[in-house]
Amino acid sequence: MEHVILFLVFAGIAVVAAINLVLQTHPISSALSLVGVMGALALIYLQLGGEFIASAQLIVYAGAIMVLFIFVIMLLNAGTERKIKRNLWVKYAGLPLMALFIGVIAYVVERMLPPSPGGLFGNMTHGNPQEIGRLLFQTYLLPFEVTSILILIAILGAVVLARKEIE
Amino acid sequence: MPAIPDSVPFAWYLILSAILFTLGIAGFLFRRNVITVFMSIELMLNAVNLSFIAFSYKFKQPDGHIFSFFVMVVAAAEAAVGLAIILTIFKNRQTLEIDEVSSLKD
Amino acid sequence: MNFYLVSLIKSALVAFVLLTALAYIQWVERKVLAHIQLRIGPRRVGPHGLLQPLADVIKLLTKEDMIPSHVSKFFYLLAPFLAVMFALISIAVIPFGTEVKIGNFTTPMQLTDLNVGVLFILGLSGIGVYGVALAGWASNNKYALIGGLRSSAQMISYELPMAMAIAGPLLLLNSLSFRELVDGQAGYYLGFIPKWSIFHGPFPQIVSFFIFLIAAFAETNRVPFDLPEAENELVAGFHTEYGSMKFAAFFMAEYANMVTVSCVAVLLFLGGWQPLWPAEYGSGYLPTLILGVSGLICLYHGMNPARPLDRYTLPVFGVAFLGLAGVFLIPAIAPMLLPLFWFLSKVGAVLFIYIWIRGTLPRFRYDQLMSFAWTVMFPLAIVNLFITALMVALN
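For the protein sequence lines, the chains are A, B and C, in the order given.
Under the working numbering, the first residue of the first sequence is numbered 1, with each subsequent residue one higher.
Under the working numbering, the first residue of the second sequence is numbered 1001, with each subsequent residue one higher.
Under the working numbering, the first residue of the third sequence is numbered 2001, with each subsequent residue one higher.
One thing to keep in mind: the hints can contain errors.
What the hints assert, rightly or not - Dumping the calculated DSBU-like pairs for lysine-lysine here, alpha-carbon to alpha-carbon at most 30 Å:
no.	chain 1	residue 1	chain 2	residue 2
1	C	K2031	C	K2063
2	C	K2142	C	K2059
3	B	K1105	A	K164
4	B	K1091	C	K2142
5	A	K164	B	K1091
6	C	K2142	A	K164
Derived by calculation from the structure, the hints in this document are not laboratory data.
Being a predicted model, the structure only gives us computed values, none of them experimental.
Go ahead and model the full structure; you've got the sequences and the hints to work with.
So, in structure tokens, the structure goes:
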């Protein structure tokens, strides 16, 4: 029972932080809320047995990508946004309806699948680093090497775009 | 008071993923600061990662974790290049609102 | 016993010991730096200045807790909280010794043994950047902002060589959990050379050890890499606008990071709690020997003391050391205390190296620091990892 309560706590943190991301006006608050979402999601991945992915989420996503976001926000000195009027129907009726729509699709898809045990902390079935390492270097070797070239291209692109023009 | 199940039912992970994805779309459509729009895209990617891991747990195969790992890698590369582009836009137009970077319109 | 109760007791004990140790590491640092610089250091508050950390804590707690009017309040208050929280959480996965047996109840000397303990520490050191960056930004002060950005850029630049240096012993020892890493370093070559990672297997990890130590100096913002927070540069960097308890929080976070990184270095490279020479040659009697000799020296100097107060304090210390030496001889608890002794003395040696280097080296300029990370450490770490992997694969 404590697994369900813990899941609800972390899911609640994730949803509240995501709502905060959308509602806050200053980008720094949005960025820190996104870090909160990623932390809560990392804990939910732990519940699903994904130790490696939880650690990768913390190291790569929350520890490197979001730090990059925060650097850019601090360097560009992005201020708060101005509010403009929008169609109220879109905001207050459209979004809950879309959430309902996607939620119903997810539920119907789940109903069509055979039943299986639910998520438990400590039920580490797959996702330990040994197995993922073996898969990455045997079955999925080609995508792994291609993503390394992708990262090289991204580094080159970022360096070219962000350097000072030499007149 | 309905009985609290002793393990988390699988549908709840998909519903959480759906809610986060919708919130990501909301941020993407309604915010005007380009960095916040970019962060909403990262939120959508995270919601999809959760779906992958949940299905990988259900079918007892580790392939979902591999897909999730690749999504993270691609998100990292995209964040690097996207932020470099945002820096260039700021250098040239001194603004960070996407409504004002519209000189190709009409 | 109930799992939650045991965890609560262990957490309380570790937290108490850690916080006391942080205060006293500062005492050790001040004394050692003073002796390197041919002076004495604090000696008035308590015998040999031993109550100086207490005096400092009382001063910092009772100072007026001021929030300047021009800062963004929420982030100003959040930043030291984040810095301290992530620095203290990392102690949860560090094992201090083997098992504790009380009656028929055993528990490992570790708060939690994660399967991915090493990745957990790496992740937390990545998230620890937020405290520094937010502190610099929230202070609304251009010196603090530049100091904060420089410090966080330095921390994330040195995470890469650190992670690659960590990958070396992981290749040799084939696990990510700290307890299994230390168990893999048990045993002796030729009967007397310990199988620590720096002497191990197909490729001794000496280069990895040095890369890890240098990267750890940069991660914890210590000399020679402490430009972003030095007092005579940039008006104290990112913690310019912080006073009293919040400033103490940043310093606690820095020392806690130092302790964590030293513990990780000892566990990965120096064999954790494995003794330096085998037990049949008498390594079990080393703590008794050291403590007994120190006790006898204290008692001898208590007879003709250099300062009048030492007539009372030195014999007390002498008796205390002799008592501790006796404790290590009790056969019931000696097997629990010996690994703890070896672990703590190795961590103490690494911390002494930290303090020693602080007293000896000047600091790097910021562009020298960053180019050192990217042009020297990173290629060296890659080459080292490549050679390690090659030697492991060829075996």
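Now for the hints, and whether the structure bears them out:
1. Between K2031/C and K2063/C, the direct Cα distance comes to roughly 25 Å. Compliance with the 30 Å bound is thereby established for this hinted pair.
2. For a cut-off of 30 Å, the pair hint linking K2142/C to K2059/C stands: about 29 Å separates their Cα positions.
3. Distance restraint check for K1105/B and K164/A: the Cα-Cα separation of roughly 28 Å lies within the 30 Å cut-off, and the hinted pair is therefore satisfied.
4. At most 30 Å may separate the alpha-carbon atoms for a hinted pair to count; K1091/B and K2142/C meet this at roughly 21 Å.
5. A hinted pair counts as satisfied when its Cα atoms are at most 30 Å apart, and K164/A with K1091/B qualifies at roughly 10 Å.
6. Restraint check for K2142/C and K164/A: satisfied, since their Cα atoms lie roughly 22 Å apart, inside the 30 Å limit.
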